[in-house]
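Listed below, chain by chain, are the residues.
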Amino acid sequence: MDIAVSFGAGVPVLTLTGRFDGAAAVVFDDRAGALETETAHWVLDFTGVTYLSSLGIRSLVSLETRLKAKDGGLVLAALAPLVRRVLEVSRLDSFWKIEPTVERGILKARAAALLAPAIEVTSSRCRARIRHLTGAESTLERWTPLTLSPGDLGVAFGIGRLGATTPEGGSAHGQFVSTPQFTAVLDADADGVTDFVVGDASQIVPIDVASAWGLSGAPASILELEASSGFSLFDALDELFEHAAGAGSAAFGFAALARTDGQPPGVFATGIAFDQDAPLERGTPLPSGRCLIGGAVTLRKRPDMEGAGELHDVLRGQATLESLGGIVALSACPPVTHALVWVFAPREIRSGAAKLLQVTVEGDATWRQEWDAIIRRLYADCRSVTLTPLHGGFMSSTFKAVAYDQDGRRTLPGVVKIGATEVTRREVEANQNYVSRFILNNGTTVLGDAQVGEWAGLRYNFLGINGPDSRLAWLYDHYRQRPVGEVMTLLEQVFTRVLKPWYGQPKWEPVFLFRDHTPLRLFPSLFETAEQVLGIPADAPEFDCPELGTRLPNPFRFLKHEYPRRARESRLWYTAVCHGDLNLRNILVDERDNLYVIDFSETRPRNAVSDFARMEPVLKFEMIDPDSDEELRRLVEFEEALMSVTALDQPPPFRYDGIDPMVARAHAGISLLRRCADRATLFETDMVPYWIALLEWTYPVVCYRQLSPRLKRYAACSAALICRSIQQIESRA
Amino acid sequence: MSSSPATLTLQVPGTIDAILPATVQAEAWLVEQQVSFEAMYLVSLAIEELVTNCIKYGYQDSNNHTIDFLLSVSEGTLRLDVIDDGSPFNPLEAPRPDLSLPPEKRPIGGVGLHLLRELADEMNYERKDGTNRLRLTKRMS
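Chains as they are written, first to last, in my numbering: chain G, 1 to 733; chain Z, 734 to 874.
Don't read these hints as lab results, they were simulated from the structure. Please note that the accuracy of each hint is not assured.
The calculated DSBU-like cross-link candidates involving lysine-lysine, where the alpha carbons are at most 35 angstroms apart (straight line), are [to be verified]:
1) K789/Z - K97/G
2) K68/G - K97/G
3) K355/G - K70/G
4) K355/G - K400/G
5) K70/G - K108/G
6) K789/Z - K70/G
7) K108/G - K355/G
8) K838/Z - K70/G
9) K507/G - K560/G
10) K500/G - K400/G
11) K97/G - K108/G
12) K861/Z - K68/G
13) K68/G - K789/Z
14) K789/Z - K861/Z
15) K108/G - K68/G
16) K97/G - K861/Z
17) K838/Z - K108/G
18) K789/Z - K838/Z
19) K560/G - K712/G
20) K400/G - K712/G
21) K500/G - K712/G
My request is simple: use the sequences and hints to build the entire structure.
Next up, the structure:
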């Protein structure tokens with residue numbers, strides 16, 4: 001039996017796989033005996049266990065006994081029917097906690113971990129039941145101006161406004177209260193109206209904080225206070241703080257959910273009570289002499305007091321836009337009759353910024369302030385991270401990241417990519433669907449993703465990174481510098497080895513070539529640019545090509561009229577998972593010639609030859625630049641030869657009488673690409689799907705900045721020659 | 734209906750290491766016979782629990798012993814005969830564990846036999862020719 005230990009929401013989960021027999025029991029006893037955990041509530045995941053014998057049961061009994069001695073216990077999750085029957089027959093099911101799924105098991109274990117026996121205390125104002133929580137540590141944090149997410153703040157109150165800091169400024173700052181389930185901000189401009197963001201999603205909305213106090217970590221106890229008539233929540237707490245959190249704390253923090261016997265029917269309050277000589281701003285004096293600061297939100301519905309668990313869980317479902325009223329001062333809180341209070345005994349007061357990750361951005365990259373919050377969430381396990389911009393990102397900003405963990409150890413170098421939420425989401429999904437399941441070792445391994453506002457970031461790495469000194473370079477650099485034979489070997493490996501699990505499993509199904517391969521989605525202003533740069537209006541039927549001494553069909557007219565006309569035309573053809581934007585900067589090579597593919601935001605199943613056809617223009621238009629009209633003429637001839645073939649299995653002829661070595665290199669690469677494309681489509685050799693995929697990336701060359709007008713003309717002639725080949729093939733059919 | 738039942742005989746050495754190979758062999762055969770999962774589970778449990786019991790309590794000497802497991806499947810019924818040459822031991826007369834006690838207060842032992850007794854439809858014992866003969870029957874319809 002295999003035993004894997006992981007943690008779900010802080011609860012140890014032992015995932016067991018195999019037969020839980022006498023031999024497994026020995027291994028289990030060893031592993032379980034050696035495992036020291038903070039909480040004594042463990043979940044055993046039985047999903048992979050098909051067999052349990054009396055010796056296995058004996059191990060479970062002895063572990064349960066051991067955990068029970070520490071006020072803990074086991075939750076058995078996901079039992080197979082026969083394993084469950086064995087427990088029933090042994091009458092263990094009535095003594096043990098059994099849950100149908102691991103997720104429910106974790107919830108059960110967490111709930112149990114929170115439930116220490118309650119102590120009854122009577123104060124002069126109310127009856128109190130106090131449940132002390134074990135292993136609770138918390139910190140009081142002072143925040144100065146910074147853009148933060150509620151996830152950074154914990155339970156907090158102060159002055160701020162929703163949204164990131166902008167140079168133009170936004171709404172005025174007002175009082176705010178922030179919890180793990182909602183953030184309320186009093187909009188000072190809007191005449192005392194409170195804005196709310198609620199639910200788990202509220203944790204990613206940026207808050208521009210002017211100043212705030214926050215409680216982070218775990219509460220020391222949960223109090224349930226009750227009286228037959230209304231009492232002052234804060235005076236009652238003042239009397240109970242030491243019972244609840246021990247004497248000797250210079251400050252106590254709290255978050256409370258309470259019912260009243262009038263209007264409003266409920267209130268949520270959070271605050272900090274300082275000893276009277278603690279340094280502090282103006283507050284409300286309490287009977288003991290302590291001084292109270294905080295904030296509160298009225299509730300329009302009577303809160304549900306069932307299930308004193310985590311603040312987060314209790315607020316979930318109760319803090320809704322319908323139930324939240326508005327921000328009020330603590331002094332304006334009505335008397336309460338029933339309250340659940342999470343009491344914190346902070347061990348220290350520190351600057352909130354000190355706990356935040358140190359983010360250093362090198363170079364002159366564009367950096368937005370709310371990206372700090374993304375990096376902090378991505379690197380929550382680290383103390384500092386240095387980001388160096390990497391070039392080449394089209395839709396996202398990409399950085400090399402070097403981070404140090406809490407003990408100051410340098411972690412493996414990785415990559416951070418920040419982009420629009422939608423692009424990042426696509427990349428996360430593609431990683432799940434097409435990378436980790438197919439090409440794991442040669443792709444990116446996503447270590448985390450985080451969203452703040454409209455931006456999202458990804459933290460990723462490569463399995464093959466061999467240590468801090470790993471050298472990774474683009475295939476682009478290798479392509480330009482190494483002998484052609486070595487370069488072709490690398491390229492061939494990408495297609496026939498690394499991405500074989502994608503291309504090697506094609507599916508025969510209808511494809512919509514003209515709809516799927518339009519370049520207009522990414523380059524909507526293509527026609528205007530072509531007319532401006534090349535002087536070719538999209539409606540002209542032909543254009544003059546003196547380089548070949550002939551007239552060619554106008555490729556832009558083909559795009560403008562044929563594509564929409566044939567958008568609903570489908571044909572049967574092979575599809576395969578395709579990268580979608582495979583180029584020489586999306587493939588990295590390490591010092592041992594291991595290859596890694598990155599940037600999967602466009603990855604999905606499509607026309608099986610797409611990636612090969614996408615690479616072909618890269619080898620031409622990114623590697624070759626005609627420096628004279630004579631050279632342009634040679635290249636257009638070279639191009640005409642490439643487009644003269646009528647089937648995928650025909651090697652393209654090489655016609656070029658110039659001296660640029662990159663042209664011969666491109667020819668070798670293109671021959672290889674087409675050979676691989678032919679292999680991916682089994683016995684099919686139709687050239688048209690390849691030509692249309694090739695056009696998708698030949699058209700946009702005219703839109704690329706930095707490229708010379710001559711190169712753009714070269715690409716337009718290439719597009720025209722492809723269109724001519726398509727027309728010739730189709731007229732023959 | 735075939736009148737001759739399918740049978741398998743396993744001679745299992747009285748050692749811990751012999752349990753898993755015997756179980757694997759029995760299960761492979763039971764899969765071929767298309768018996769229920771419950772019947773397969775019972776056979777696995779019987780091999781592990783009974784071989785373990787023999788090793789712990791069965792022998793007065795230090796010689797090598799084998800335990801014979803005879804499996805037969807016929808007309809929707811699985812029969813398992815277990816024959817060992819250990820000290821006389823009638824599992825039907827063994828004290829039953831007190832299952833009303835919380836698990837940690839229960840005396841160790843007896844759970845394995847209890848499981849077999851509960852999961853089998855019938856359990857019979859005889860002492861014959863210096864051997865213990867235990868028969869478990871499981872109906873599968």
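Results of checking the hints against the structure:
1. K789/Z - K97/G: Measuring from Cα to Cα gives roughly 32 angstroms; hence the hint holds.
2. K68/G - K97/G: holds, 13 angstroms
3. K355/G - K70/G: It holds: about 32 angstroms lies between the C-alpha atoms, which stays within 35 angstroms.
4. K355/G - K400/G: With a Cα-Cα distance of about 23 angstroms, the restraint between K355/G and K400/G holds, given a limit of 35 angstroms.
5. K70/G - K108/G: holds, 17 angstroms
6. K789/Z - K70/G: Holds - the C-alpha atoms of K70/G and K789/Z are around 33 angstroms apart, at most 35 angstroms.
7. K108/G - K355/G: holds, 31 angstroms
8. K838/Z - K70/G: Status holds; Cα separation ~17 angstroms.
9. K507/G - K560/G: Status holds; Cα separation ~30 angstroms.
10. K500/G - K400/G: Holds - the C-alpha atoms of K400/G and K500/G are around 28 angstroms apart, at most 35 angstroms.
11. K97/G - K108/G: Holds, because 8 angstroms separates the two Cα atoms, which is no more than 35 angstroms.
12. K861/Z - K68/G: Judged against 35 angstroms, a Cα distance of about 47 angstroms means the pair is violated.
13. K68/G - K789/Z: holds, 29 angstroms
14. K789/Z - K861/Z: Roughly 21 angstroms between the alpha carbons, so the hint for K789/Z and K861/Z holds.
15. K108/G - K68/G: holds, 15 angstroms
16. K97/G - K861/Z: violated, 45 angstroms
17. K838/Z - K108/G: Status holds; Cα separation ~24 angstroms.
18. K789/Z - K838/Z: Holds, at roughly 22 angstroms.
19. K560/G - K712/G: holds, 19 angstroms
20. K400/G - K712/G: holds, 32 angstroms
21. K500/G - K712/G: Satisfied, since the Cα-Cα distance of roughly 33 angstroms is no more than 35 angstroms.
Of the hints listed earlier, those the structure fails to meet are numbers 12, 16, in rising order.
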